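Could you put together the complete structure from these sequences and hints?
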Amino acid sequence: MRNEIYCLNKNIYSENLILVNAEHPYREEETEDGLFPVHPQAPGILLKEEALIHLSALMEEIDGWDQIVPVSGWRPLREQQKIFEHSLRENGEEFTRKFVALPGCSEHQTGLAIDLGLKKEHVDFICPDFPYEGICQRFRVRAAAYGFVERYKKSKEKITGISREPWHFRYVGTPHAEIMEQCDICLEEYVGMLGRFHRGGRYDCHGNGGHDGQIRQIERAAWK
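For the sequence shown, position 195 (counting from the first letter as 1) is numbered 195 according to my numbering, and the numbering increases by one without interruption.
FYI, nobody ran anything at the bench for these hints, they're computed from the structure. Computed from a predicted model, the values in this text were never measured in an experiment. The reader is advised that the hints may include incorrect statements.
Stated by the list, open to error - Label-pair distances were calculated between CB atoms; the ranges are:
(1) P37 to D66: 14 to 20 angstroms
(2) G34 to R78: 15 to 21 angstroms
(3) E29 to D63: 35 to 41 angstroms
(4) H122 to D66: 14 to 20 angstroms
(5) G195 to G134: 34 to 40 angstroms
(6) Q67 to F125: 17 to 23 angstroms
Every residue gets a Cβ at the ideal spot worked out from N, C-alpha and C, and that includes glycine.
Right, dumping it as structure tokens:
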């Protein structure tokens, strides 16, 4: 059975594909309902159930929790405000605007984003070490199969407005994550394409707009 992508216009920026950035602040009601601890040893780090189920399955496949620690999950607005203000005091404005989302504009408010770090004696809360090798790279390679994408890549900094964050992963679900990885596009680009080629309640991936090759890839990946 084919993976069919059906969606109404109003849902393009909601649920697992919700876009949160400086231009699209998070406007949903804040609640801890439906949020669960990522790991027994980190009871205060929460994710939405669907994201947690897939993260747990991925970690089980690679034995990830032996060497990887959860650093930050869901954050309410008030916590993001404190983090932003603390970073301004400690790290200055330039650093803060590169690595800390504006209050109200953080993906962590969705309950779909997780920061991960390599297990070590000291793990930096803002910029945890998550290298492109070893167990961290094994996680990164398998992430899309479980619905996660590395959200802020260096090649997409001008689009996302956030500097490269190798530790920040966002749950968007499948097949979306796999399509984004295959086409090397970030969430802003992906939902933009879906919206542009959406027609009659179904995403129509035919078109041009300078993205012919990517659209053909999206079509093959989504409809096979």
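Each hint, compared with the structure:
{"no.": "1", "hint": "P37 to D66: 14 to 20 angstroms", "in the structure": "holds, 18 angstroms"}
{"no.": "2", "hint": "G34 to R78: 15 to 21 angstroms", "in the structure": "holds, 19 angstroms"}
{"no.": "3", "hint": "E29 to D63: 35 to 41 angstroms", "in the structure": "holds, 37 angstroms"}
{"no.": "4", "hint": "H122 to D66: 14 to 20 angstroms", "in the structure": "holds, 18 angstroms"}
{"no.": "5", "hint": "G195 to G134: 34 to 40 angstroms", "in the structure": "holds, 38 angstroms"}
{"no.": "6", "hint": "Q67 to F125: 17 to 23 angstroms", "in the structure": "holds, 19 angstroms"}
Going through the hint list in order, the structure satisfies each hint without exception.
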